[in-house]
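**Student:** Here the sequence shown is numbered in the UniProt record's numbering, starting from 1 and rising by one per residue.
It is possible that part of the hints are untrue.
Claimed, not checked - What follows is a set of in silico ranges between Cβ atoms, one per label pair, in the way DEER data are often shown: (1) Gln219 to Leu194: 43 to 53 Å; (2) Met61 to Gln219: 33 to 43 Å; (3) Pro291 to Ala201: 32 to 42 Å.
Stated by the list, open to error - For lysine-lysine, the following DSS-like pairs were computed, each having C-alpha atoms within a straight-line distance of at most 27 Å: (4) Lys185 to Lys115; (5) Lys38 to Lys148; (6) Lys84 to Lys185; (7) Lys185 to Lys242; (8) Lys38 to Lys185.
For the record, the hints were derived by calculation from the structure and aren't laboratory data. The beta carbon of each residue, even a glycine, is placed where N, CA and C say it ideally should be.
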Amino acid sequence: MPFLFAQSGLVSLFVLLLAFMLCSFTGRLLVNVLQELKDAGVPRPGYGDVATMVSGPRFGMFMQLVAPLECFVYALGNCSVMCKTLAVAFPSLGAESLVSASCALAVIQCAIPDKAYAYLALFSTLSLIGVLLVVFAYSTSLPEWSEKIELVVHDGLLPNSFSLALFCIGAHCCFPMLFNAMGSKEACIQALQLGMLWWLAIAAVSGLAGYYIFGPAAQAIIIDNVGLDVQLRPYPAQVAVKALLQLLMLLHCQLKMVPVSRPIAELWNQVLGWTVDVGQGGVMSMLSGLPVFLLIGAAAYGLMDLMSVVDSLCGSILMSLNAIIFPSLAFVVICRPLGAMLWLSLSAGFLGIALAVFVPWQYLAHYTPSV
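Can you build the whole structure from these sequences, using the hints too?
**Tutor:** Pasting the structure below:
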C-alpha cells in the first residue's frame with residue numbers, strides 16, 4: 001500500500017475508505033441474494049446460479065466463467081510476486097524453474113481440506129503483517145526518511161489507485177464459497193465485515209507509514225525498498241533481515257495460492273462432469289488443481305513484467321464487474337428493494353460501470369503513441 005500512497009498522496013486514505021465502504025455494501029448485497037436463492041431451493045448457490053436467475057442461462061454461463069477468472073488473476077499475482085522474491089535469493093535459477101516449483105508445491109497443497117487450510121490462510125495473513133513490521137524496523141536504520149507528504153500527487157491517477165485498492169479488497173468471487181461454508185447469512189456478513197475492517201486498518205496504517213518513510217521511492221513490492229535508501233541508492237541491509245523478509249513473503253504468497261484456485265478447479269470439474277468437492281482435499285483435489293496451476297504457471301511466466309498493468313486493468317474491469325456491478329444488479333432484480341436501498345444499489349452499479357470504462361481508456365490513451 002505505500003506504493004498506492006506514493007502514486008496518489010494522502011488522498012489515498014479516502015480511496016481506501018471508499019473501496020472498503022463500497023465493497024462492504026456490495027458484499028452485503030451479494031450475501032442477501034445468495035440467501036434468496038438458498039430459500040428458493042438452490043442448495044449451494046454460486047455466481048452462475050445468481051446470473052441465471054437475473055438474465056437467463058447465457059448470462060449464467062458468462063458469470064460462471066468471469067468469477068473464476070478474477071481468482072485466476074489473484075493467483076497469477078501471487079505467483080509473480082513469489083517468483084520475483086525467489087529470484088533475489090536464488091539468482092542462478094531461471095524464472096521458469098521458480099514458477100514451476102511454486103505451482104508444483106501448490107498442487108500438493110490442494111490435498112489439504114479447506115477446514116485445515118483456514119489456519120494456513122491465517123498464517124499467510126500473519127506473514128504479511130510480519131513483512132511490514134520487518135520493513136519498518138529496517139527503516140529505523142536509514143540515515144533519513146523522506147517525510148515528503150503531499151495531499152494529492154497525481155490527480156489523474158486516482159481512478160487507477162481506486163482500481164488497485166479494489167483489486168486488493170474485492171474478492172467477491174470467493175463469497176459464495178464462504179456463504180455455503182458458513183451456512184448462515186448473518187455469520188457470513190459478520191465474517192466479511194470483520195475481514196474487510198482488518199484489511200482497511202492494515203492497508204491504511206502500513207500505507208501511510210511507508211509513504212512517510214519512503215515517499216515517492218516506495219516500490220510496488222514493499223520488500224524491494226530493503227537495501228535502498230529514500231533516494232533509491234544502495235544502502236546496506238543485514239543478510240538476516242533480507243532472508244527473513246523473503247521467507248515471510250514466500251509464505252504469504254504461497255499459502256494464498258490454493259484458496260483462490262478453488263473456484264477455478266470447481267469450474268474445471270464441472271466441465272469434465274466430475275462431482276468432486278475440491279474443498280474436501282485429497283488426491284482428487286490435487287488432480288483438479290493440476291491443470292489450474294499449469295495454466296497459472298504459464299501465464300505468470302509470460303506476464304511477470306506486466307503485473308502492475310494487469311492488476312490495474314483487472315481491478316477496473318473484472319473486479320468492477322464481480323464486486324460492484326453484478327452484486328448491485330442481482331440485488332435489484334432478485335431482491336427488488338425499494339426506496340433508499342434501490343437508489344444506493346443503482347448508484348454503486350453506475351460507479352462500477354464508470355470505473356470499468358475510464359481506467360482502460362486512461363491506459364489506452366497513455367500507451368497509444370500519438371500520430
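**Student:** Indicate, hint by hint, whether the structure satisfies it.
**Tutor:** Each hint tested on the structure:
Between glutamine 219 and leucine 194 the beta carbon distance is about 30 Å. The supplied range of 43 to 53 Å is therefore violated. In this structure the supplied range 33 to 43 Å holds for methionine 61 paired with glutamine 219, their Cβ-Cβ distance being about 40 Å. A beta carbon spacing of about 38 Å between proline 291 and alanine 201 agrees with the range 32 to 42 Å that was offered as a hint. In summary, the hint linking lysine 185 to lysine 115 is supported, as the alpha carbons are separated by about 19 Å, within the 27 Å threshold.
For the hint linking lysine 38 to lysine 148, the alpha-carbon distance of about 52 Å lies beyond 27 Å, and the restraint is violated. Restraint check for lysine 84 and lysine 185: not satisfied, since their Cα atoms lie roughly 40 Å apart, outside the 27 Å limit. In summary, the hint linking lysine 185 to lysine 242 is not supported, as the alpha carbons are separated by about 43 Å, beyond the 27 Å threshold. Taking the CA atoms of lysine 38 and lysine 185, the gap is near 10 Å; set against the 27 Å cutoff, the hint holds.
The structure does not agree with the numbered hints 1, 5, 6, 7 stated previously, though it agrees with the rest.
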